[in-house]
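The task is simple: from the sequences and hints, build the whole structure.
Number of protein chains: 2
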Amino acid sequence: MKIDSVDLFYLRMPVVEDIGDGSQDSLLCRVTANGHVGWGEAVCSPTAGIAAWITPMSHSGCHPVIDSVLGQELNDPSDIKRIYNLVRKNSFYGLLQSDLLISGIEIAMWDCLGRSLEVPIWQLLGYKKSEPKLPYASVLFGDTAAETKNKAVEMKKAGFRAIKFGWGPFGTTTLGDDEAHIFAAREGIGQDAMLMIDAGTVFKDSVTDAAKRLPALKAANVLWYEEPFDGYAISNYGELSTHKPKVSLAGGEGAHNPYQAKQLIDYGHVDFIQIDAGYIGGIGNAYEVAQYARSKNVKYVNHTFTSQSALSSSLQAYAGLADSNISEYPMEPKMLCQDLTVDRIEVDKDGMICAPDKPGMGVEINVAGIKKYLVDVEIKVAGKTLFATPTL
Amino acid sequence: MKIDSVDLFYLRMPVVEDIGDGSQDSLLCRVTANGHVGWGEAVCSPTAGIAAWITPMSHSGCHPVIDSVLGQELNDPSDIKRIYNLVRKNSFYGLLQSDLLISGIEIAMWDCLGRSLEVPIWQLLGYKKSEPKLPYASVLFGDTAAETKNKAVEMKKAGFRAIKFGWGPFGTTTLGDDEAHIFAAREGIGQDAMLMIDAGTVFKDSVTDAAKRLPALKAANVLWYEEPFDGYAISNYGELSTHKPKVSLAGGEGAHNPYQAKQLIDYGHVDFIQIDAGYIGGIGNAYEVAQYARSKNVKYVNHTFTSQSALSSSLQAYAGLADSNISEYPMEPKMLCQDLTVDRIEVDKDGMICAPDKPGMGVEINVAGIKKYLVDVEIKVAGKTLFATPTL
Chain A
134 MKIDSVDLFY LRMPVVEDIG DGSQDSLLCR VTANGHVGWG EAVCSPTAGI AAWITPMSHS
194 GCHPVIDSVL GQELNDPSDI KRIYNLVRKN SFYGLLQSDL LISGIEIAMW DCLGRSLEVP
254 IWQLLGYKKS EPKLPYASVL FGDTAAETKN KAVEMKKAGF RAIKFGWGPF GTTTLGDDEA
314 HIFAAREGIG QDAMLMIDAG TVFKDSVTDA AKRLPALKAA NVLWYEEPFD GYAISNYGEL
374 STHKPKVSLA GGEGAHNPYQ AKQLIDYGHV DFIQIDAGYI GGIGNAYEVA QYARSKNVKY
434 VNHTFTSQSA LSSSLQAYAG LADSNISEYP MEPKMLCQDL TVDRIEVDKD GMICAPDKPG
494 MGVEINVAGI KKYLVDVEIK VAGKTLFATP TL
Chain B
134 MKIDSVDLFY LRMPVVEDIG DGSQDSLLCR VTANGHVGWG EAVCSPTAGI AAWITPMSHS
194 GCHPVIDSVL GQELNDPSDI KRIYNLVRKN SFYGLLQSDL LISGIEIAMW DCLGRSLEVP
254 IWQLLGYKKS EPKLPYASVL FGDTAAETKN KAVEMKKAGF RAIKFGWGPF GTTTLGDDEA
314 HIFAAREGIG QDAMLMIDAG TVFKDSVTDA AKRLPALKAA NVLWYEEPFD GYAISNYGEL
374 STHKPKVSLA GGEGAHNPYQ AKQLIDYGHV DFIQIDAGYI GGIGNAYEVA QYARSKNVKY
434 VNHTFTSQSA LSSSLQAYAG LADSNISEYP MEPKMLCQDL TVDRIEVDKD GMICAPDKPG
494 MGVEINVAGI KKYLVDVEIK VAGKTLFATP TL
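Those protein sequence lines, which keep their order, are chains A and B.
All letters in the first sequence, in the order written, are residues 134 to 525 by our numbering.
All letters in the second sequence, in the order written, are residues 134 to 525 by our numbering.
What the hints contain is simulated information worked out from the structure, not anything from laboratory work.
All values reported here derive from a predicted model rather than from experimental measurement.
Wrong hints could be hidden among the right ones.
Identical chains blur together in the list; that is why a pair holds if it fits in one copy or across any two.
[What the hints assert, rightly or not] Subject to a maximum C-alpha distance of 30 Å in a straight line, what follows is the list of computed DSBU-like cross-link-like pairs (lysine-lysine):
(1) K262 x K482
(2) K482 x K282
(3) K222 x K345
(4) K377 x K351
(5) K214 x K345
(6) K379 x K222
(7) K261 x K429
(8) K214 x K262
(9) K135 x K337
(10) K504 x K517
(11) K337 x K214
Right under this line is the structure:
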């Protein structure tokens, strides 16, 4: 079948707050091929992503993404890889945003292909089984340590055996404050639960500042210390990995291609590699990193803070890897992301989740329910309308 | 003084060809502060860059670039660094295009500051002298080896003692064809001139394919072998650097932040690091890489394929480094780039060029001459016009 259309939709909450919560808007991509429809979300500033779709060509290495996608054959997984490679080849210089936009479109291609063939994406990737993963509740730190503790208590009551706190005030005030948050989190969830701490890149490239938190992280028996640095600061990860006390490092959500994720493993010596299929170029790239991580004895974890469709697409890449058995589970998404899908990936009686055993990504977009979030975008160049929001 | 306005202009040739020639359009940035005006060019898909300027906020890590620039104080070089850091902090997740857009704006801030203080940018960076550089003519391979040879002969006649061929058919047909091009280039310019070969990322991440060209490159006494791989494929550079025969490697034009350039030095073991100030985040970042390269005994070279203003802005970062004495000199820019400035950086009687000893970037934008290239861009979101092309 041939890709007949790709439609991009900017969805957003009525009010977007200036906080570290990526669930406040979405760039939703719809791919249609021979009557089959697939959906995917790009982790991408929506208007900038739309511009990457239709921006006029600058030269042979700076084509709009549309040039490499529309009209292409889509019959099996190798076509998706081929189309992704075309985008990289045709848009690699001067159009960095294309890496994020294609992530959403690539996912939609997998969803479309899986639905047309009536198999889950993880089966198309070659996995025999969708292995259960322990979902961890991913939440923001409270403004105070007391608030953080309350949140931890709530999550424990909700049944979570693993919880990650991140962003908020961490790293922005004093070492003492950070330590108080870490210990409050541990106190709130109890000694047996898994606790992870996400520094949200706050220390940029200061190994000294990041290392000061290691004793408290160790004392609180934290499973991993996530993104102390800028996602590109790979050598700083490598340096911190040699510090004592030893705390496992995690990172990778900022990787917008597989090279960066592999470098974070090889040179940054992370113990957990966290990949967002909506950022790294799609499910194919995420799968490539998952396989590479396995070959290096690094645990693969999805990065997902938003919707259930984003969760499913990020689960596909490592669905069959039994050893990589932890999954980030978005706990506080805004209503937009709650309304985005008809169904959810439910936590089973054993407290585990799985990539769905249904065609494509296995969750249904709630088209009627999200119309109220749709934002019109119009881009005109030289008097010609290159993009106008299509009908949802 | 305070940044009163930032204006973005999309300039382009009447016809944009699907070839590896980045001089066919430009995203020109104008910064105005207290009556002083500075200009800079971003190596950036113009419409996508404009979108990065005004795209509505998605969350605290995904602000439009305008939020971090407009109204900021601009009194000395530390302000430029501060503003750049603000952009990174506020736009780092989901808005990759911001790295390229801020490059042009950052250059314009330096130009504006230099003009207001009546000193060249290289002096603001702390250099005492603008050292002479040997300009190399940077041209595309011919379609055939005979054409490549003719081009080389012409460049030699024009007085160039160094020449680089790149892109075109290199790497796209056979090893024999590539060897023919390499030897034709050497024959055309004679035995004494410097010859460089730019593979234009054509081998992606295949060390085997890239290595097959090493014997011919060695036999033709090539000074460097540039960008055999995708700019992100750092470990592949590292692997190729160990192959025999030893040919010096060059790369870095794809670095959109200093981390990547440093990794190409540390892990990729390049011998020449090539930085475009209009890509890496501006002159401040380029300077940081130049200093790092010096500390690692790596030669710093500008990457410039377009205008004389781009050349000047890329020269500033290493103007005072006497050891890094080679400069890429655009030889075949389209008329847009020729018309972009009133003056040029002339090759002196010794065949050398210097960063100008004049305020700011030291070349003047030809405002009247480029109006004919201006392309209107309009971006509307939710019915509100967020961007309309300003008056040039």
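Right, here's what the structure says about each hint:
1. With identical chains, the CA atoms of K262 and K482 are at most 30 Å apart within one copy only, with a shortest distance of 19 Å there and 72 Å across copies.
2. In the homo-oligomer, the alpha carbons of K482 and K282 lie at most 30 Å apart inside one protomer (26 Å), although the nearest pairing across protomers, at 73 Å, exceeds that limit.
3. For the identical chains of this complex, K222 and K345 are inter-copy neighbours only, at 22 Å across copies versus 43 Å inside a copy, given an alpha-carbon limit of 30 Å.
4. When the C-alpha separation of K377 and K351 is checked against a cutoff of 30 Å, the pair qualifies only within one copy, where the shortest distance is 9 Å, while the shortest distance between copies is 47 Å.
5. In this assembly of identical chains, the alpha carbons of K214 and K345 lie at most 30 Å apart only when taken from different copies (26 Å versus 43 Å within one copy).
6. In the homo-oligomer, the alpha carbons of K379 and K222 lie at most 30 Å apart only across protomers (28 Å), although the nearest pairing inside one protomer, at 41 Å, exceeds that limit.
7. Taking identical chains as interchangeable, the C-alpha atoms of K261 and K429 lie at most 30 Å apart only when both belong to the same chain, with a minimum of 22 Å there against 49 Å between chains.
8. Taking CA atoms no more than 30 Å apart as the test, K214 paired with K262 passes inside one copy only; the shortest distance there is 22 Å, against 51 Å between copies.
9. Taking the closest pair of Cα atoms, K135 and K337 come within 30 Å of each other only across two copies (27 Å); inside a single copy the shortest separation is 44 Å, beyond that limit.
10. For the homomeric pair K504 and K517, the shortest alpha-carbon distances inside one copy (26 Å) and between copies (19 Å) are both at most 30 Å.
11. For a Cα distance limit of 30 Å, the shortest separation of K337 from K214 across copies, 14 Å, qualifies, whereas the shortest one inside one copy, 33 Å, does not.
The structure is consistent with each of the numbered hints, conforming to all of them.
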